[in-house]
Amino acid sequence: MVRLLVDTDTLEIQLAPLERVLARRSEIVRVERARIAKVQLTEDPFTWLRGVRSPGTHVPSRLAYGTWKSVFGDDFAAMRNGRPGVVIDLEGDDEFERILVTTRYGIALAKALQRDEDAELG
Numbered sequence: 001m002v003r004l005l006v007d008t009d010t011l012e013i014q015l016a017p018l019e020r021v022l023a024r025r026s027e028i029v030r031v032e033r034a035r036i037a038k039v040q041l042t043e044d045p046f047t048w049l050r051g052v053r054s055p056g057t058h059v060p061s062r063l064a065y066g067t068w069k070s071v072f073g074d075d076f077a078a079m080r081n082g083r084p085g086v087v088i089d090l091e092g093d094d095e096f097e098r099i100l101v102t103t104r105y106g107i108a109l110a111k112a113l114q115r116d117e118d119a120e121l122g
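Residue numbers (UniProt numbering): 1 to 122.
For the record, the hints were derived by calculation from the structure and aren't laboratory data.
Remember, it's a predicted structure, so these values are computed and weren't measured experimentally.
Keep in mind that the hints are not guaranteed to be accurate.
[Stated by the list, open to error] Derived SDA-like pairs: lysine to any residue, alpha-carbon spacing no greater than 25 Å straight-line:
#1 K69 <-> E97
#2 K38 <-> I107
#3 K69 <-> E91
#4 K111 <-> V21
#5 K69 <-> D94
#6 K69 <-> K111
#7 K69 <-> G92
#8 K111 <-> T47
Make a model of the complete structure from these sequences and hints.
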């Protein structure tokens, strides 16, 4: 199961051993929180996949792990069916334009990723 760690500067997405094989990725996905432009919750995260899987594993509407390449840039997905998802749009990240993950803690993740200035307003 995907493990999401949020600290003051970084979001880390740690994959379990089987998920690393499915994603064909051995290293942790790290994103600076300053690069996060928008966080959205979704009931059907598979509708947010765009482009072509390269590399990774995809069983339509069942699971998606790995990198998707599109004209918009590269996206990273770590998703299984039956769970709501979180769509994280990035600006200026060296590796990805968007991250898609499924988690039962979507609301807590969205709140944890809220920018400090957004939290002060809301």
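- Violating hint indices (sorted, rising): The structure conflicts with hints 4 and 6, although it agrees with all the remaining ones.
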